[in-house]
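Enquirer: Each chain, letter by letter, is given below.
There are 2 protein chains.
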Amino acid sequence: MTVTHNSKKVGQMNSNDRKNPSLIADWKTLERIFIRPEDEACRKTLVKYMEQILFGLHDFLNSNVGVTQEISLLELTNLYRDTLISPDPEKKLENVISDIIHKIAPRAVNVASPYFVGHMTAAIPFFMVHLKTIVAALNQNVIKLETSKVLSVIEKQVLAKIHRLIYRRDEAFYQTHVQSVDTSLGAFTTGGTTANLMAMWVARNHFLGAGVEQQGMAAAMQAKGVERAVILVSKRGHYSLKKAGGILGLGNSNVLAMDVDQHQRMDMKKLEVTIRNLKKDGKTGIIAVVGIAGATETGTVDPLGEMADLCLGQGIHFHVDAAWGGPVLLSERYAPLLKGIERADSVSMDGHKQFYMPMTSGMVYFRDPGAMDQIAYYSNYVNREGSVDLGIKSLEGSREANALILDSSLKIMGSRGYALMIDHGIETAKAFAAEIEQRVMFEVVTPPELNILTYRMVPPDVCRRLEHADPKGREILNGYLDELNIYIQRTQREAGKSFVSRTRICPVPGSEGGRVVLRSVIMNPMTTNAVLREILDEQERIGQGFCDPIPQIL
Amino acid sequence: MTVTHNSKKVGQMNSNDRKNPSLIADWKTLERIFIRPEDEACRKTLVKYMEQILFGLHDFLNSNVGVTQEISLLELTNLYRDTLISPDPEKKLENVISDIIHKIAPRAVNVASPYFVGHMTAAIPFFMVHLKTIVAALNQNVIKLETSKVLSVIEKQVLAKIHRLIYRRDEAFYQTHVQSVDTSLGAFTTGGTTANLMAMWVARNHFLGAGVEQQGMAAAMQAKGVERAVILVSKRGHYSLKKAGGILGLGNSNVLAMDVDQHQRMDMKKLEVTIRNLKKDGKTGIIAVVGIAGATETGTVDPLGEMADLCLGQGIHFHVDAAWGGPVLLSERYAPLLKGIERADSVSMDGHKQFYMPMTSGMVYFRDPGAMDQIAYYSNYVNREGSVDLGIKSLEGSREANALILDSSLKIMGSRGYALMIDHGIETAKAFAAEIEQRVMFEVVTPPELNILTYRMVPPDVCRRLEHADPKGREILNGYLDELNIYIQRTQREAGKSFVSRTRICPVPGSEGGRVVLRSVIMNPMTTNAVLREILDEQERIGQGFCDPIPQIL
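Residue numbers (the working numbering), protein chains in the order written: chain F, 4 to 557; chain P, 4 to 557.
Keep in mind that the hints were calculated from the coordinates and are not lab data.
Each hint should be verified, as a subset may be incorrect.
Given that identical chains are not distinguished, each listed pair holds provided it fits within a single copy or across any two copies.
No farther apart than 27 Å at their CA atoms in a straight line, the calculated lysine-lysine pairs in the DSSO-like style are these [what the hints assert, rightly or not]:
(1) 342 <-> 283
(2) 31 <-> 433
(3) 273 <-> 342
(4) 47 <-> 475
(5) 95 <-> 500
(6) 286 <-> 227
(7) 238 <-> 273
(8) 95 <-> 47
(9) 342 <-> 272
(10) 47 <-> 227
(11) 31 <-> 273
Please take these sequences and the hints and turn them into a complete structure.
Expert: Shown next as structure tokens:
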């Protein structure tokens, strides 16, 4: 019954298929990479690698304040066209790490730079890297207790902590549910997209009944007597909600984009009218109304309290997409902005956004601890009925123990540590908006409610002409401004020192088309006002190059 | 415009809400955790933490050969019932790490133990932890080029490498598609579950047309003139396929579990008859037929070539769930077992299974580089039309750059390095089956085709009686054996030295109910025959305790 390991040694290789003839995959090497390092020399080497990673990478990131090395996409893609897997090892770990530090990192994006204010990805606290390393070293799989044990227990506890932050139920409620086998306060997901998808999945099944999961959408809609099932969310809704409509079989055209008011928030009057009209014919089912707590593009927060009133009154599932804004609840000063969230039926949040966790982590919460029963799946070898396996009520299957990162981080920072970052972001964004308003070349398009704002460059001359132009003239002028702001964003991005993003926003409710705007997300505590002024200065220089001279057609 | 950081210092705290009165969240501390370590002392501390993680954890794992510390779930859950987030920091990173090593790790599951052969989660090569640390430190988000740049380019290259491993198209094909903006050879996902879901999503939209994504299942089925849309997979199919049916609005009862033959493989005759019957009335659409390359419970591989013939002939989407078995393609010796996979329309694979990556990583591949157009989603601020953003055709949203781990690992190991592990698993499983057959107390239920097998304890006395029993008697005897094998699996798991899993299998096609079996997955290269003999010895001791005496009723 003995397996001879010698037989595994690879002897039959051609000389021409070896990229690095000195490296051979053999059993001895293999054993070395699986067996824990015993001797001092071996340990030293492993620590040396980790030092390279921690400091080699970080020295690079420090010395490159800008966001990325200048190289065109075409040049870059030309370096990565080989599609054959080498039969033999090509490189040692040491060389792989060194290549990553010297060749790959410089062509990645320095999202940790204080000048990187364009997306919801930024610097994370240093200790997050250590915590992620622990999760990888333990390599638990929280799909089931048998591959995670205490990590599943910790996940349930962390879920209860965040549930309590949202819903503020009493101690007895949490004592009942924190470690309950039968009920679930929420679930970890791999991000806001799957968190929203899970919430809509539960809402769909709640509205149409258990039949939809078993018999499908067509049969369930027929049984319920509806011809259409819709989700209502404002125009500022994240595109993952449209995607959820597509995936779940509702149809993404049935995720209805509601108008917003002049503050980019759900227009409550129009929402009420829409619901009334949809209910009139009795042929349309409303699966959910979604409120946004921190819109991706503008950071705005819908009137959650009013939306809760409306939904509760009508028996409609009320979901809050708090992927961005959820952690604002950790700030005593700004938590009131999210008032009403405690009455939502479900809430989604991202771990890798304002909880400052590394990619990839999200969460979804349900007010009713029985809500997730709608989506339970069992199997014979894991997730048996009656077990506490977290995989039973989960969109994803195998999952790493990310809850340990959030648990540890909450202990290291406390809610007040998080509040410092949240408050800094909001207050710096407000100061940034004031600075933009002061400058003649810019206008704020959507002022920051949380820590996101949009603005655009409007040279004073164009601004004056806009005021006096007829509709046709305004269209031409705005087209010119769109081009200008696209040019600014692209040129600044390519220059590689700073990065803001751009999107297209209708500043006036009901107006056509929308304007290209620059978008800033202030989440890095190292992003100071001085940094933001530098970013504006650079944009002014770029813009002046574009506008000199302003074309005659205008 | 200056924000005074002093104002952020938290002054207003009650003495009774402070768990550790010496720790305060203030701006200075916050800056320290975001700013890169400059001085030598600071760097030494960070390396010290990493050493603690690398060796503290591993010393523990080494000294605990068994799988986990003995503690009841009730005791364990009682330790994790506090659901309030502390306002102030509770612990320093140092203490958090130390707690994880000394209090949490011993109550986690030592999945790296060679004695842990129960699930598809096992030891990973040491360098994987380093690679995951790099991914966390870079914290790129491959949803869009603007937050990942070269990492998106590397992801496309790795996808092409694995696509080529599966489909073996020519060099010209890969030169066209490896870095193409318009086409996609596949996608990274967070696991096999979402990979299968993505494949079924594409297949659904391909069958029903673009209308299903926009108008929903009910409208699309009506337009297509079908009353039911089904997926066909054998009884050995992974439960994620049923879940996909539920999520996608087909209904999980329309994921039809096909009979298997005596080798646990798809019964081709029955599949043909089923398809013929389903097509007869013209009211049922077949979304996909799924072949399994490495069934979760038995490791068996469906007759992929025959299934490809059948599906191609009938114009049915043929998906192969190779979440487990896919990497067998890296072994020259055993790749032929998967013959036919190169004709699949789509293939799913897990990164965190036999690619030995850390949790959480999966992939899905499509033969047709245009197939994923069916599921494209755009938005204004990212994933704009015409961009190369990987988030356009993806179930998930934000994602970490896991492709870098697979890319590096393929370079460090070469396909032959992987082949050593694959071959060891399959050959050790075969030797284990031979050992089981030799022992009078056991019988092999499903012999290993890859590196998974199931078996059960059948004491000789019960075996004899089974041979002569009438149906009623056999039922009683098998019930007794079920209890015996559940007892063995539980007792061994609780004892904490070794771990096999259990499931329920019908060994004879068409027979009722199924038997409880013990299930072994041999993927850890350190799992030797000696280890497996020890596991059997322990099971014999446990089983003898249960069977002494065998009850009179039998």
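Enquirer: Hint by hint, note whether the structure agrees.
Expert: So, going through the hints one by one against the coordinates:
Taking identical chains as interchangeable, the C-alpha atoms of residue 342 and residue 283 are never at most 27 Å apart, the minima being 31 Å within one chain and 57 Å between chains. For a Cα distance limit of 27 Å, the shortest separation of residue 31 from residue 433 across copies, 22 Å, qualifies, whereas the shortest one inside one copy, 60 Å, does not. In this assembly of identical chains, the alpha carbons of residue 273 and residue 342 lie at most 27 Å apart only when taken from the same copy (21 Å versus 58 Å across copies). Taking the closest pair of Cα atoms, residue 47 and residue 475 never come within 27 Å of each other, the shortest separation being 71 Å inside a single copy and 65 Å across copies.
Within a single copy, residue 95 and residue 500 get their C-alpha atoms no closer than 33 Å, and across copies no closer than 34 Å, so neither meets the 27 Å cut-off. Within a single copy, residue 286 and residue 227 get their C-alpha atoms as close as 9 Å, and across copies as close as 21 Å, so both meet the 27 Å cut-off. Taking identical chains as interchangeable, the C-alpha atoms of residue 238 and residue 273 lie at most 27 Å apart only when both belong to the same chain, with a minimum of 12 Å there against 50 Å between chains. Taking the closest pair of Cα atoms, residue 95 and residue 47 come within 27 Å of each other both inside a single copy (16 Å) and across two copies (26 Å).
Within a single copy, residue 342 and residue 272 get their C-alpha atoms as close as 19 Å, which meets the 27 Å cut-off; across copies the closest is 61 Å, which misses it. For the identical chains of this complex, residue 47 and residue 227 are neighbours neither inside a copy (66 Å) nor across copies (65 Å), given an alpha-carbon limit of 27 Å. Taking the shortest Cα distances, residue 31 and residue 273 never come within 27 Å of each other, neither inside one copy (70 Å) nor across copies (47 Å).
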